[in-house]
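Enquirer: Sequence:
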Amino acid sequence: MTSFSINNELKTYLKVKKPKQGRRFVIPDIHGHFDEFKAVLDKISLTKSDQLFLLGDYIDRGPKVKELLDEIILLIENGYSVFPLRGNHEDMCWQAHLKDYDEETLKLPGYKWGKDIIDGARKIFPEYVSLISQLPYYYELDNFFIVHAGFDFSAPAPFTEYKSMLWNCNTSEDIKHLNGKTLIHGHVKRPINEIRNSIKNRTQIIALDNSVYTKNSNEYGNLLCLNLDSFELFVQKSA
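Following numbering that gives the first Met the number 0, the numbering of the sequence shown begins with 0 at its first residue and continues without gaps.
Check each hint, because a few of them may be wrong.
Simulated DEER-style distance windows between Cβ atoms [unchecked claim]:
| id | residue 1 | residue 2 | range |
| --- | --- | --- | --- |
| 1 | Glu-193 | Lys-214 | 14 to 24 Å |
| 2 | Ser-44 | Ser-153 | 26 to 36 Å |
| 3 | Asp-141 | Tyr-161 | 21 to 31 Å |
| 4 | Gln-203 | Val-128 | 16 to 26 Å |
| 5 | Cys-168 | Lys-10 | 36 to 46 Å |
| 6 | Gly-21 | Arg-201 | 14 to 24 Å |
| 7 | Glu-193 | Asn-215 | 16 to 26 Å |
| 8 | Lys-65 | Lys-175 | 16 to 26 Å |
| 9 | Lys-214 | Val-187 | 17 to 27 Å |
| 10 | Ser-4 | Lys-162 | 44 to 54 Å |
| 11 | Lys-236 | Asn-178 | 17 to 27 Å |
| 12 | Lys-16 | Ser-216 | 16 to 26 Å |
| 13 | Gly-78 | Pro-155 | 37 to 47 Å |
Think of the hints as simulated: they come from the structure by calculation, not from any bench.
From a predicted model like this one, the values you see are computed outputs, not experimental measurements.
The C-beta atom is built at its ideal place from N, Cα and C for all residues, glycine as well.
Work out the full structure, taking the sequences as your base and the hints as a guide.
Expert: In structure tokens:
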């Protein structure tokens, strides 16, 4: 697999080969922070030879959700190798679109259920239906697993426990299922120094979400981007 296609059917996961010449980058939970996303792309000078993995949670909490989704779609349509994942926020928005959540669930605090991209009947705007509906749960690379939240390795079949991939906050220490690969995930915010140390020490599980939407904090409030080949970390402070 060399690219994610918006026009394909839903695949729960994809195996992605390393590009022959380009680099590989991972960006975690963006949450509508379009300006910060564009700034990161400028910092890394993204090319069509590179691969860009996005860890989900593009919607809610930020000011420019539509602009962000439009940019992701545009990059894919223009031939960039962008691999977006499903986050719990996209999944909740999709389930609301399908009317699979009850009214009490829809009132949970902290979630806007994609209000920026849905109409009064909670139907996703047509231009975003294909993207939101086809987001896979994880990617498998040569030396990495890329997932939004994590895996439940206590389950008999952790790679089919899709809810855990969206919501898991504590990936089990029993990581034999990784087969020596590094797990990269977002979902739960981590202090910037903890993230830096994890990358420096090349721990087998690396959490990248630094809560871009957090304001007035020295430890949080950055959009991060990790080069999977050099392990260089790019940091963009939220405006």
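Enquirer: Each hint needs a verdict: does it hold in this structure or not?
Expert: Now for the hints, and whether the structure bears them out:
1. At about 19 Å, the beta-carbon gap between Glu-193 and Lys-214 stays in the expected band of 14 to 24 Å.
2. A hinted range of 26 to 36 Å is violated for the C-beta pair Ser-44 and Ser-153, which are about 42 Å apart.
3. For Asp-141 and Tyr-161, the Cβ-Cβ distance of about 23 Å falls inside the hinted range of 21 to 31 Å, so the restraint holds.
4. Gln-203 and Val-128 have their C-beta atoms about 37 Å apart, which leaves the hinted 16 to 26 Å range violated.
5. Checked against the hint of 36 to 46 Å, the pair Cys-168 and Lys-10 fails, with Cβ atoms roughly 25 Å apart.
6. Checked against the given bound of 14 to 24 Å, the beta carbons of Gly-21 and Arg-201, roughly 22 Å apart, stay inside it.
7. For Glu-193 and Asn-215, the Cβ-Cβ distance of about 19 Å falls inside the hinted range of 16 to 26 Å, so the restraint holds.
8. The supplied range of 16 to 26 Å is broken by Lys-65 and Lys-175, whose beta-carbon atoms lie about 42 Å from each other.
9. Between Lys-214 and Val-187 the beta carbon distance is about 19 Å. The supplied range of 17 to 27 Å therefore holds.
10. At about 25 Å, the CB distance of Ser-4 to Lys-162 disagrees with the hint of 44 to 54 Å.
11. Restraint check, Lys-236 to Asn-178: a C-beta distance of roughly 36 Å breaks the suggested window 17 to 27 Å.
12. The hinted range of 16 to 26 Å is not satisfied by Lys-16 and Ser-216, whose Cβ atoms lie roughly 38 Å apart.
13. Taking 37 to 47 Å as the suggested C-beta distance range, the pair Gly-78 and Pro-155 conforms, at roughly 40 Å.
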